[in-house]
Each structure stands twice: as C-alpha cells, then as structure tokens.
Amino acid sequence: MSAQQEDKKLLEVKDLRVSFFTPAGEVKAVGGISYDLNYGEVMGVVGESGSGKSQEAYAIMGLLQSPGKVIGGSITFEGTDVLALSKAEMTQFRGNKVAMIFQNPMTCLNPVYTIGNQLMEALKAHDKTISNEDAKKRAMEMMEMVGINNVEKRMKQYPHEFSGGMRQRVMIAMGLICHPQLLIADEPTTALDVTIQAQILELMKDLQKKTKMGIIFITHNLGVVADICDKVSVMYAGKMVEQGPVDDIFYTPAHPYTIGLLRSMPRVDAQDYERLIPIQGTPVDMLNPPEGCPFAPRCEQCMKICLKKMPPYVEVGKDHRSACWLRVAEQMDKEEA
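So in numbering that gives the first Met the number 0, spot 213 of the sequence shown is number 212, and the numbers just go up one at a time.
I should point out that these hints are in silico values taken from the structure, not numbers from a laboratory.
Predicted model only: the values in this text are computed from it and were never measured.
Any given hint might turn out to be false.
Stated by the list, open to error - For lysine-lysine, the following BS3-like pairs were computed, each having C-alpha atoms within a straight-line distance of at most 27 Å:
hint: 1; residue 1: Lys27; residue 2: Lys7
hint: 2; residue 1: Lys7; residue 2: Lys123
hint: 3; residue 1: Lys135; residue 2: Lys13
hint: 4; residue 1: Lys152; residue 2: Lys135
Stated by the list, open to error - Between beta-carbon pairs, the in silico distance windows are:
hint: 5; residue 1: Leu82; residue 2: Val150; range: 35 to 45 Å
hint: 6; residue 1: Asp205; residue 2: Thr79; range: 45 to 55 Å
hint: 7; residue 1: Val150; residue 2: Glu329; range: 48 to 58 Å
Virtual Cβ for every residue (Gly too), placed ideally from N, Cα, C.
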C-alpha cells in the first residue's frame, strides 16, 4: 500500500440523503448517513428490508432508479466528487473503480449469451483496446480465480447450465475483471443455501486478501457480518443508528435496535430453553416517519424525548458511536461524576 493510500480514505460518504418522489409523497429512503472506508477494509451494512441499505449503494454507483434522487450530502471516492461526474465519467467509474454484485445472479446474466461472451464483453466495455484473445485469456483467469474448474468448457456454457452458487461466482468474476478498488456486495449470499453461502464468503475473503480491495457488504444476516467484516454500520429506517468495529457491535452493542437484532439471531451456544426474542412492532412507514428516533415506537426503553427529537451520535468506544438518547444520558452522568 502506498504512502498516498495510507493517509487518504478510499470512500467518504457525508450526510447522504436519498428520496423517492412518488405520487403519494416523498419517501426519505436514506436520511443523512455518514461513514468512511479505508483501503483494504471490509464494512458490513446491516438492517432489515426497507432500511435503505441498497439505495445507499445504488447512490454510490449512480444506479438510482427514477423517481429516486440524491437530494443532499456528498460521496467522495479517492478525493473525487462522485456526484459531480458526467454520464460518460460515471460509466468509466463503474467497473474500473467500483463494481457491484447483486442478490440474484440469474437476473443479472443474459440467458442467450455464453458465460465467456458475457465476461469478455464486461472487460471490453471498459478497455476498448483489448484484443479478443487477451479478453478471453483474462476471462478464463478470472473464472479460475473464483474457483470454477474446467474453464475452457465452462466459457462456452450458458447461465442455465450453472448452479446458483456457480452463477454467483461468475458474477464475482465479472465484478472483479477490471480490478476495481471497491466492491459493493448487495446480499450476495441470500439466494444460496447455507453450505454454498459459506463457500462464497470464504472466496470473497480470499479475494479480498489477494487484491486488497475495499468491500461494502450489505446484508441482513449478522452471522455473515461476523465472518467477513472489519467494521459494521447498522441501518434502520434510512438512518445509521450505530457504527463500530465488528467485535464492539457483537460484544458491546450500544443501540436498542442492534441489541434486538442480536437477540433475534439463532446462536450455536444457546440453551434448549432459550427462545429467540423478536423485535416487537412493525417497521416505520417511510412516507410518514416519526419526528424523533425512528426506532422509538418499537423500543422497550423509549423515553418522551425519543419520540420528539433525533438523538445525536455519542462516542461509546474507539471508533464506536451510537445515536441513542440512553447513551446521551449515560455520557452526561459520566461528565457530572
């Protein structure tokens, strides 16, 4: 890693806001989130469906679907303002600098083209000067790198001839074929069974060590996060409610929502009589979000102020912060003491 990389962040997101302007009104999908990612770091973004995890990623990639718009904040990649890029620059940026793997590989691969053809096209789209021979060689190398055997034969096959896990490996190969510095993985293991999930995670860990790329790993599965991430951002209703190193999030969670997520997760060491505790209530209506903390209506420890005002971030440890009035009160008590 160069000295220049040491002191520069790979990605900085500041106060990012994304809204969808629907006939029913404005849906604030992402409500002012901030985080940064260093070179070679893996960050997990966790939250239930509809929390804004994917929309935040699409904003970075410039792939927001209409009527979605970035209405505020900034996204800086290696010092470049991503939101100021033109359409042509954005096309170059995607693939060369940042790549994305999606949840369902079958919908991302074209059923009428061979796998080899699709990998070569992905490469040629970003490198116009590459010859067919070199593109084919590179595609085969990438397939071997992601653990696909018998590549000569596999290059000539179609997506329906691959299993789900193999298709996901192809998608990873396609994402990495231009050597991006950041990979955004949007729930890449959700559609796969548990043993294949484990293989894909192992593969991603190996590739990350070899290539030293940064990864944003979007998931609702905390087990996956424990396995692959260095740090975690927990999202709820478009807000980052807690951020911190992976060990802190698991062993000293500081937000009631994070605690609720951990309690509702099956554990290997649990006793027979221990039951999973679900989070009561229903997710927030994003058309009419509450005034205060979005989690307040479902929180067992909700206070009056929680319903009225969004709490500020409080540092609860090194690089560990949480947006919760309980933590604010704790900090005030400490200062008084």
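A quick look at each hint next to the structure:
{"no.": "1", "hint": "Lys27 <-> Lys7", "in the structure": "31 Å, violated"}
{"no.": "2", "hint": "Lys7 <-> Lys123", "in the structure": "30 Å, violated"}
{"no.": "3", "hint": "Lys135 <-> Lys13", "in the structure": "40 Å, violated"}
{"no.": "4", "hint": "Lys152 <-> Lys135", "in the structure": "13 Å, holds"}
{"no.": "5", "hint": "Leu82 <-> Val150: 35 to 45 Å", "in the structure": "39 Å, holds"}
{"no.": "6", "hint": "Asp205 <-> Thr79: 45 to 55 Å", "in the structure": "29 Å, violated"}
{"no.": "7", "hint": "Val150 <-> Glu329: 48 to 58 Å", "in the structure": "57 Å, holds"}
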